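2 protein chains.
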Amino acid sequence: MTRDAILLTPGPLTTTLRTKLAMLKDWGSWDADFNAITARLRARLLDIVDGHDSHVVVPLQGSGTFSVEAAVATLVPRDGHVLVPDNGAYCKRAGKLTQMMGRKATVLPCAENQPISAAAVDERLQADASITHVVLIHCETGTGVENPLAEVAAVCRRHGKGLIVDAMSSFAALPIDARALQFDALIAASGKCLEGVPGMGFVFIRKAVLDACAGNSQSLAMDLHDQHVYMGKTGQWRFTPPTHVMAALDEAVAQFVEEGGQPARLQRYTDNCRTLVEGMTKLGFRPFLKAEVQAPIIVTFHAPARPNYDFKRFYEGAKQRGFILYPGKLTEVDTFRVGCIGAIGRHEMQQAVNAVAETLQEMGIPDGTPAP
Amino acid sequence: MTRDAILLTPGPLTTTLRTKLAMLKDWGSWDADFNAITARLRARLLDIVDGHDSHVVVPLQGSGTFSVEAAVATLVPRDGHVLVPDNGAYCKRAGKLTQMMGRKATVLPCAENQPISAAAVDERLQADASITHVVLIHCETGTGVENPLAEVAAVCRRHGKGLIVDAMSSFAALPIDARALQFDALIAASGKCLEGVPGMGFVFIRKAVLDACAGNSQSLAMDLHDQHVYMGKTGQWRFTPPTHVMAALDEAVAQFVEEGGQPARLQRYTDNCRTLVEGMTKLGFRPFLKAEVQAPIIVTFHAPARPNYDFKRFYEGAKQRGFILYPGKLTEVDTFRVGCIGAIGRHEMQQAVNAVAETLQEMGIPDGTPAP
Numbered sequence: 001m002t003r004d005a006i007l008l009t010p011g012p013l014t015t016t017l018r019t020k021l022a023m024l025k026d027w028g029s030w031d032a033d034f035n036a037i038t039a040r041l042r043a044r045l046l047d048i049v050d051g052h053d054s055h056v057v058v059p060l061q062g063s064g065t066f067s068v069e070a071a072v073a074t075l076v077p078r079d080g081h082v083l084v085p086d087n088g089a090y091c092k093r094a095g096k097l098t099q100m101m102g103r104k105a106t107v108l109p110c111a112e113n114q115p116i117s118a119a120a121v122d123e124r125l126q127a128d129a130s131i132t133h134v135v136l137i138h139c140e141t142g143t144g145v146e147n148p149l150a151e152v153a154a155v156c157r158r159h160g161k162g163l164i165v166d167a168m169s170s171f172a173a174l175p176i177d178a179r180a181l182q183f184d185a186l187i188a189a190s191g192k193c194l195e196g197v198p199g200m201g202f203v204f205i206r207k208a209v210l211d212a213c214a215g216n217s218q219s220l221a222m223d224l225h226d227q228h229v230y231m232g233k234t235g236q237w238r239f240t241p242p243t244h245v246m247a248a249l250d251e252a253v254a255q256f257v258e259e260g261g262q263p264a265r266l267q268r269y270t271d272n273c274r275t276l277v278e279g280m281t282k283l284g285f286r287p288f289l290k291a292e293v294q295a296p297i298i299v300t301f302h303a304p305a306r307p308n309y310d311f312k313r314f315y316e317g318a319k320q321r322g323f324i325l326y327p328g329k330l331t332e333v334d335t336f337r338v339g340c341i342g343a344i345g346r347h348e349m350q351q352a353v354n355a356v357a358e359t360l361q362e363m364g365i366p367d368g369t370p371a372p
Numbered sequence: 001m002t003r004d005a006i007l008l009t010p011g012p013l014t015t016t017l018r019t020k021l022a023m024l025k026d027w028g029s030w031d032a033d034f035n036a037i038t039a040r041l042r043a044r045l046l047d048i049v050d051g052h053d054s055h056v057v058v059p060l061q062g063s064g065t066f067s068v069e070a071a072v073a074t075l076v077p078r079d080g081h082v083l084v085p086d087n088g089a090y091c092k093r094a095g096k097l098t099q100m101m102g103r104k105a106t107v108l109p110c111a112e113n114q115p116i117s118a119a120a121v122d123e124r125l126q127a128d129a130s131i132t133h134v135v136l137i138h139c140e141t142g143t144g145v146e147n148p149l150a151e152v153a154a155v156c157r158r159h160g161k162g163l164i165v166d167a168m169s170s171f172a173a174l175p176i177d178a179r180a181l182q183f184d185a186l187i188a189a190s191g192k193c194l195e196g197v198p199g200m201g202f203v204f205i206r207k208a209v210l211d212a213c214a215g216n217s218q219s220l221a222m223d224l225h226d227q228h229v230y231m232g233k234t235g236q237w238r239f240t241p242p243t244h245v246m247a248a249l250d251e252a253v254a255q256f257v258e259e260g261g262q263p264a265r266l267q268r269y270t271d272n273c274r275t276l277v278e279g280m281t282k283l284g285f286r287p288f289l290k291a292e293v294q295a296p297i298i299v300t301f302h303a304p305a306r307p308n309y310d311f312k313r314f315y316e317g318a319k320q321r322g323f324i325l326y327p328g329k330l331t332e333v334d335t336f337r338v339g340c341i342g343a344i345g346r347h348e349m350q351q352a353v354n355a356v357a358e359t360l361q362e363m364g365i366p367d368g369t370p371a372p
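Heads up: the sequence lines are chains A and B, in that order.
Just so we're aligned: the first sequence equals residues 1 to 372 in the working numbering.
Just so we're aligned: the second sequence equals residues 1 to 372 in the working numbering.
Extracted from the complex, chain A is given alone in its bound form (with noise of 0.2 Å):
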């Protein structure tokens, strides 16, 4: 096959030509013309979230996992404790590398199937004042299940906490408005629904807590505070920045401005995310979630009830047709996800459930019922 496949995973997914070809330009890292590009990319952001008064957006090397990190790094300080609702696994590696940078974390334990409960964090927040900030996975990528961000902003400001958002697979599709919400930190990276390409990620600091951050962070290559200033002094990035993910992204958002911003972004994805389960549903496969809680970002499919089914063998026949759709991540029940993201639309969503229906009939399936 030479048409290359469409990426139905949560990032890297599929860019438009156009986002690639801008990465067709060597660009000198110390140029004006390439810091110029960091200027007004910084600018976009803020744009999108409506944080120009109260916030600043620091972007950072690698992937969105260092940006999580980094957040964590930069805004708790070395005797904070981190409170982290726990409904799936970036939740968990959320909490896991607090603890591992040596940052005290509590974990919630929370239902995979369900969103967190703002009233559960509450809770916990009354229950233990040493509390200082809360970590919350916006749109859950393991499951795909949205969380009730206001909710939890509100009740972190109630308790004057701090809250820190990892908005990876959120962030630009589902609407965030920085004059609404208070977060200290939102995080979100490159590859995701801007549609650009992966290798970056970036994060909104709110500019009331920043000073604080100075000499929190225990690593160089992740302390937010000091790229920052770095940034407001020269204009450049600390360290090499990629350039040509840098500049795929700008050119990715000035599509995604085009194209309408978030509210036009959300659409397109909600109609990706309809046509996906429609078509699905008719095939006889059940979401994992209940479509009140669900994210139009990823969708988790429970795995069909047949001995004859292998996931290895489903990935490949729908590869073959031209998708490449991405394992579950659930420990107890056999899943597997399909991505709503990315540079498509229904026709492509359309498609793939043909190319599913088509896979199911090769390998003796006769639909994608799962088991009771």
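In short, the hints are calculated from the structure, not lab data.
One thing to keep in mind: the hints can contain errors.
Identical copies go unnamed one by one, so any copy, or any two together, can satisfy a pair.
[To be verified] Okay, derived cross-link-like pairs now, DSBU-like style, lysine-lysine, Cα gap no bigger than 30 Å in a straight line:
1. K207 with K96
2. K319 with K233
3. K233 with K312
4. K319 with K207
5. K104 with K290
6. K290 with K233
7. K207 with K282
8. K312 with K25
Keep in mind it's a predicted model, so treat the numbers as computed, not measured.
Assemble the complex: chain A is given as a structure, and chain B must be docked to it using the hints.
Leaving out everything else, chain B in the frame of chain A:
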């Protein structure tokens, strides 16, 4: 000007169009086709140092500095003690990141215009038995000086100390043979002498010390032991890899092999460096380093001793003519730097010298002669 400028900078640098074209495809990070790139690249990197028997190589997201920090965090135990011989900015950075992460670091000040003395390292190791590791910058990009890797490696081996080599600017250009030299870790990055694009680094780790690295890192994202174990089990990166950067590096390494590997690259860079230094010397410029300690990677020149010299104008003049120079990094002497690396040859270097001559003329500066 529509033609892309040539980057005479120490990375990001000028890459071939073939390398950049490899980025025009989106890869699923979980997919077997992408895992094959990772596996092929790891094997080819080991080829370059003849390290298959002695070392593994672990790629990491982020700039080269992220990989340096990761190497120290992964290799040096929490109660370790690192000696950093310091003859420039990148040595100082290595010392700083070691101290920030809570490892004891002793910085050994050395003259900036001279290679580090292996005898001084020997003496220091003799005097302080608590030192566990030495961090050596192979080519100190702050000035361009080549440090004596083989001699320092021999000293470390004799004392039974671990050696961590930052070979960011030298790897793939200067000879490094893992069969002849003993090093515990050696670090380089995608956007340097391999002529890929920036966005990832990689660390060679000696197999004999690998197991003892488990649990050293206080950073999840930078834990190279964990990254290695996971890659061994799954063939995948732990966190989203910079897929396009990887694809470009894979293509860049293919061209590196076709060119004739490290000896051919060294020859080309040596030729570039000679063309540059001869041409600039004819214009009256004086290199900061003596020829015998100058690595053919980046050359520091003294600024011309003329009142109408101004680096910004000088830089702009060269840039208008299609060449991106690099600022100096010395605090006490006014200098600028010119890189000799990237997908360029002697003709581009001669054209750069011509552009510098024209720029001087435009600025009304008769020649590049520095203050005596």
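Hints versus structure:
1. K207 with K96: This pair counts as both: shortest intra-copy Cα distance 27 Å, inter-copy 27 Å.
2. K319 with K233: between (48 Å within a copy, 23 Å between copies)
3. K233 with K312: between (51 Å within a copy, 16 Å between copies)
4. K319 with K207: neither (46 Å within a copy, 37 Å between copies)
5. K104 with K290: neither (34 Å within a copy, 52 Å between copies)
6. K290 with K233: neither (49 Å within a copy, 34 Å between copies)
7. K207 with K282: Neither, since 49 Å and 53 Å both go past 30 Å.
8. K312 with K25: between (38 Å within a copy, 23 Å between copies)
This entry does not satisfy hints 4, 5, 6, 7, going by the numbered hints stated previously.
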